[in-house]
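Chemist: Work out the full structure: start from the sequences and follow the hints.
Residue numbers (the numbering used here), protein chains in the order written: chain A, 0 to 799; chain B, 574 to 1170.
I should point out that these hints are in silico values taken from the structure, not numbers from a laboratory. Warning: the hint list may mix true and false statements.
Unchecked claim - Coverage of chain B stretches by chain A, computed from C-beta distances (three or more under 8 Å per stretch; other residues unrestricted): (1) 826-839; (2) 1002-1008.
Claimed, not checked - With beta-carbon atoms standing in for the labels, derived distance ranges: (3) A:E405 / B:R719: 56 to 66 Å; (4) B:V1125 / A:G164: 26 to 36 Å; (5) B:V1125 / A:T586: 22 to 32 Å; (6) B:T833 / A:A316: 48 to 58 Å; (7) B:E735 / A:S676: 16 to 26 Å; (8) A:G116 / B:R1042: 12 to 22 Å; (9) A:G192 / B:V992: 24 to 34 Å.
Stated by the list, open to error - A short list of chain A residues far from chain B (calculated; beta carbon distances all over 10 Å): (10) E28; (11) A83; (12) G142; (13) P165; (14) A284; (15) L379; (16) P487; (17) E514; (18) E572; (19) G613; (20) Y630; (21) I702.
The beta-carbon is built from N, C-alpha and C at its ideal position, and this holds for glycine as well.
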Amino acid sequence: MPRAPSSPDDRSLEPYLESLRALHERLDEGLSFSGNERNCVFLNPGRAGGAFANASAVSGLDFPDDGRGLAFLDLEGDGDLDVAISNRTAPRLRLMRNELPVGRRFVALHLEGDGAGTNRDAVGARVEVPTSSGLLRRSVRAGEGFLSQSSRWLHFGLGDSEVSGPVRVHWPGGGNETFAGVAAGGRYRIVQGRGMAEAPPAPPRRTPLVPRSQEPPAPTTGSRVVLAPRPPAPSFTLRSFDASEPVAVEAGQGRPVLVNIWASWCVPCRFELQDLANEADALRAAGLEIAALSTDGMGDVATTTEEAARKFMDEIAFPFLHGMATEETLDKVEIVKRSLFDRRFPLSLPFSMLIDGEGRVAALYRGGVTAGDLLADLELLDARDADLRAASAPLPGRWFTEPPGEVSLASYARWYEEGFPEESVALLRRSVEVEQTRLDDNGAASFERQGARDRLFRSLQRLAVLESRRGDDEAAARYARAAFDLEPDDPAARAVWQNALLDAGDTGSVRAQAEAALAADPGDVAARVRLAELLDGEGRTDEAVRELGRAVEGSPRDVELRYLYGQLLGKAERLREAMEQFAAVVTLDPRHVEAHRILAEAAIRSDELGAAWGHYRAILEVEPRDTEALYGAARIAAAGDRLDDAVEGYRTLLSHDPDHAAARHELGLALIRGGPSGAAEGAEHLRRAYLEDRNLLARGNDIAWTLATHPDAGRRDGQLALLIALELNAVAGGAEPALLETLAAAQAETGDFETAARTVESALEIVGDPRNDSPGRERLLELLSRRLEQYRQGIPVRGR
Amino acid sequence: MWISRVVVVLTLAVVPAAALAQSRQAEVTPAFEPENFAAAVDPRADGWDTEALSEQAEAQLKRVAAWLAEVAAGRADAVPSGDVATVVDQAFESPGFVPGELAARYRGRAFTVESGSASGADSGYRGAEGFRRALGALAGRLSGDRPPRADFKLYSIDAGSEGFTTLAYFEAAAGAGGGFRQLNAVWSTVWRLPADGAGEPLLLRVEVADYEETSTPRGPLFVDVTEAAVGHNPSYRDQLLQPPDAWLNRITKASGYNKTGWQGVSVADVNGDGLDDLLLPEQGGLPNRLYVQNREGTFDDRSADAAIDYLERALAGLFVDLDNDGDPDLVLSSRPAVLVLENDGSGRFARVRHIAGDIPDSNSLSAADYDNDGDLDLYVCAYRRAYDERGVASPVPYHDANNGGRNVLLRNDGGFRFVDATAETGLDANNRRFSLAASWEDVDGDGDRDLYVANDYGRNNLYRNDGGRFVDVAGEAGVEDISSGMSVSWADYNRDGRMDVYVGNMFSAAGNRITYQRKFERDRQRAGPLAEVQRMARGNSLFAGASGGGFVDRSVDANVTMGRWSWSSVFADINNDGWEDLVVANGNLTQTLPDDL
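Modeler: Below, the structure written as structure tokens:
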């Protein structure tokens, strides 16, 4: 039984969360997601009425830039609204000038409050401008749209009308005031208490801005990234040329190491290594060790071999550690990249990581790094945090936070979870220590302590999950408990803790919690479901049913709760009531496929084919290609002699799933039953079905036998039986006596006793073969002999 | 785990020219091969059957769009008959794609809007030849001297056993005689499935609804003057023109650079010279930019002088005079805190006056004097709880999540002292809803500012202000708008004297199709009641103020839902006719690989 479904950390949510994670993975790889969309403009038709008109393209604003912010302003003070658009992609900014021929068809107002009753910005003031075509209203606002703020100037388009009187302002501090002196085509200051609009000096005349399309450059691929703070480096391995076992690259042992990934076919790599070799003395003097790891023969571009790598290293007499990269090392390089950046680019060569003496990644180099650059970056290793941070930013600027001394280890740990869980657990344990210390530091800023608290919470929760995966349920429960203690009001934290307790076998505590929750709030669905789960787990299914029943009473429209209740009733073998719940589920949500499925199966079992058909149709409404529903509905149609419907159903099914042999078999039968026009095609399907699934031979044989021998003449059909039997024997190569016997019965039923007799003879031949020692051989021989006699006398078989 | 794909970087600094020439030929492999991911994004792999059909149908429609552009550009022979047969069924029979007559329903100085009905006009287009004639007539509306553009966006599918019907938005644009014209319509298209289940679906019939043409007498209404205005600043090239991929392998996530790119833009006159200036908040690792307008009408980068060039991730700036001294101070929605910076009157913001550290995931900012005491108070939207890194507490349930970050009302107590007044004013009700935007307006005309909050993953809030105490009345006012709220804008668009609100949401064509096609049902877990989940993908909403403080949903009548994946979605009278139009900035993630579903 699934666990408390209303808690945000429910395990039943895993598929949902998993699909979110999967989506993010794909986005990291560069997938677009509702991208390539163009900004929209909808034109208000005003007095003409009707819907807004789409003016996106003709507005000139419909760029596919992943637009975010919009801020309107009158750039040149010429009486129309220009707009600044901020974008996610390049160009980050579009300053779009309105080309409207304005003339005097506008009024612009700049409101100023008195700073006493009304704020100076006059935010909240409502302005009414009377015009010959009616009143225009605007409010002064600070912040609208998304992440945006437009100019404080209020802009009024006038169309063909004139300003017909004084402007009225409702000040937010209270009180209305009218302002005289406003006319079309003007820009005015409206100062609270002055009663008269004031025209500020006109903006300076200037050269108009020349429109031009913006051309973002292609991003460069190479980069040097100084990391501040430094993330933990994983352990790397290399394999010496010709050696079979990998060895660890000694890093974090007090001296810096450059881990370099290269290949002999990569020209920039060769230049880089040559340069490092030439400057070996200087680099050594600066304390640097280098490990150059070749990827020759690895990956997709495996055009060269280890030998080529060794040859090049010999040529340049590379004086540092070198050898072959291992898959493990490349996996970990990938993890380092992924953990650092929000976008996953393929590994490009050459690629290097500078690891400091404490085993942390100090810098990354995509593309070649020169010895000169390295020497400069080695100097940075001991730099102050603030200087390091400055070196890490691509463009200069300032910070308001203190430079973090150490990274959030928790956020790196999860990257190692999948492939290297031990590294992950070690990182999380260190994280718990570090963040606890930060949290306990009373001198730290409140948001920094909050951050530490959040990271501590996350670390504890992850440790709980990982320990549980490693089978240490006690440790898992301990960590989950610690996380819960940090966030006692968080239902997710509670759910994780309870799940961990259950895994550790401590049902008593969970029950006590659930009961306490229910005592406080009898309508707590999550707690009641949890209680039911516990009871069910103890085999007290009836009591569990009772609890869920109460929950359903309290939340009668909760579809999934009812579905759960139905399942539990089913488990308690209270099938009728279970079905009532599933029926209620589909009444509440007619597209609940799973409930329809259960109801359809139940209906078939109680031979209510009409009801079952209805449920299958409902499933097909939701999922027109659902195999089970198509097959079920078609079989019901066939049973009701609605052969055309059946044929259509089977055909649809087969068009999605051509390997569904049972459906093909039924299609063949339905076609043959439908009359001579479908016989040939039907036979074809039967043969194909038998070939694809030999198990169908038995079913075909049963059907053919029944058709050939049914005591009720109305249900006998010799021709049909013959067609099926012929296909059966064609597929079986005429080597199965049981199939031959059916064929003979069909032939006899059609009146062809002579052939029937010959068929039985060949069956006798097979069974009579002395090498045949199958059990029941004697009885079969006897039966076949009897049949032979019967057919020779012209008597068909009846019944069995 | 390691993607076995190795690519050479041409690092010019270390590669002599001769070697470069050689290496270009020998060693450069494509940086990315979409095929690797084709399998991963194949909806069929997940059992999204109708999604697979949708993709096929949309691909076919896009071929039609490409032909249309060719024919409109006078290259009718660029559409070979053999190709037509791979899109159009032999039994194709359809009315025309263009109305027989167009009537102007709006005429203004900037725009003219003409519409007409295409259905039933003429049913005589049969077979491939008929299709060509119908296409030719449509292309006739697009002839001109600018290269035409045409596209379809499929948003609904109804599949049967032998065929299926799709609904798609049709959009095309072209320039002629100095003017500019766009076509919009909805194509309802009947498709035949190929008999053997393999191959592409074929067009049987097209019915065109909502056909409309919007045109301008000259070129487009807006032109891009960014380069002329800010191009002389080094930051234009170094920062504004750099695409995200330039930074995504250069600035770490920990420094605050991510793909999502939630950065807005703010306008204010920071130095009191009467000219509006521009603030661009920036991602982590990049400095915020302040461009100050000079007397020549261009903008100078004053980010460093103004001391706003913070490198922590910022999302939004709000310029408001918080101390009533006549200059705009700056509130900066940043990470891990919200900053309040005092303007010294000359456009310098050297003094940090307040740090609101308990709002770690802030985004949109807005201000109003909610308690009418004469100074401006701040409202900060917050999206997630701090620890919610992907996964731990993702929005649940999807259609009505209340496990997000906590928005905060900061009451201005003077002297740049701010107090969290959220709880005491009642704003903590329904306050964990993944908020993305908020805006203030006196909805009920009682003299205090009410607050509308747009929330992702579910219901929005309309907090009615009753003298400084707030009550969430979104439900009774009819503006809960169960959807993915991202933007709020107020205006009296119908000039009836009551304020109306436009809410930016996500119109997801894929979302629309998926939520109406129910493999989703099984996957959604407790996604929520069907109607609500479907409503999530409808798109933007327009609520017209009604008497008694309520609202009427005019979104569909006004045809303003289809803003696509909308962010800022705001009213603005762009053509000065006295009626507020709507402008929508949209698009979620445009990257190197093709789009999602």
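Chemist: Confirm or reject each hint.
Modeler: So, going through the hints one by one against the coordinates:
Beta-carbon proximity to chain A at under 8 Å applies to 13 residues in the stretch 826-839 of chain B; the threshold of 3 is reached and the given coverage holds. By the rule of at least three residues with a Cβ nearer than 8 Å to a Cβ of chain A, the coverage given for the stretch 1002-1008 of chain B is violated, with 0 such residues. The hinted range of 56 to 66 Å is satisfied by E405 of chain A and R719 of chain B, whose Cβ atoms lie roughly 57 Å apart. For the pair V1125 of chain B and G164 of chain A, the supplied restraint of 26 to 36 Å holds, since their beta-carbon distance comes to about 30 Å.
Between V1125 of chain B and T586 of chain A the C-beta distance comes to about 31 Å, which sits within the given range of 22 to 32 Å. Between T833 of chain B and A316 of chain A, the C-beta spacing of about 49 Å keeps the proposed range 48 to 58 Å intact. Remark: the range hint 16 to 26 Å for E735 of chain B to S676 of chain A is upheld by a beta-carbon distance near 19 Å. The hinted window of 12 to 22 Å between G116 of chain A and R1042 of chain B holds, with their beta carbons roughly 20 Å apart.
For G192 of chain A paired with V992 of chain B, a C-beta distance near 30 Å keeps the hint of 24 to 34 Å intact. Interface exclusion of E28 of chain A from chain B breaks down, the closest Cβ pair being 6 Å apart, not more than 10 Å. With a cut of 10 Å on Cβ distances, A83 of chain A falls inside the contact zone with chain B, its closest approach being about 5 Å. Not every C-beta of chain B lies more than 10 Å from that of G142 of chain A, the closest at about 3 Å, which undercuts listing it as non-interface.
Its beta-carbon lying about 18 Å from the closest one in chain B, P165 of chain A satisfies the requirement of being farther than 10 Å from that chain. Every beta carbon of chain B lies more than 10 Å from that of A284 of chain A, the smallest distance being close to 22 Å; the non-interface claim holds. With 10 Å as the threshold on Cβ separation, the claim that L379 of chain A sits away from chain B holds: the shortest Cβ distance comes to roughly 16 Å. Residue-level check passed: P487 of chain A sits 14 Å from the nearest beta carbon of chain B, beyond 10 Å.
For E514 of chain A, the non-interface assignment is confirmed: its Cβ lies about 24 Å from the closest Cβ of chain B, beyond the 10 Å cut-off. Non-interface call for E572 of chain A relative to chain B: holds, since the shortest CB-CB distance, roughly 26 Å, exceeds 10 Å. With 10 Å as the threshold on Cβ separation, the claim that G613 of chain A sits away from chain B holds: the shortest Cβ distance comes to roughly 17 Å. The claim that Y630 of chain A is not at the interface with chain B holds, since no C-beta of that chain comes within 10 Å of its own (minimum 13 Å).
Listed as outside the interface, I702 of chain A is consistent with that label: its C-beta sits roughly 26 Å from the nearest C-beta of chain B, beyond the 10 Å cut-off.
The structure is inconsistent with the numbered hints 2, 10, 11, 12, although it conforms to all the rest.
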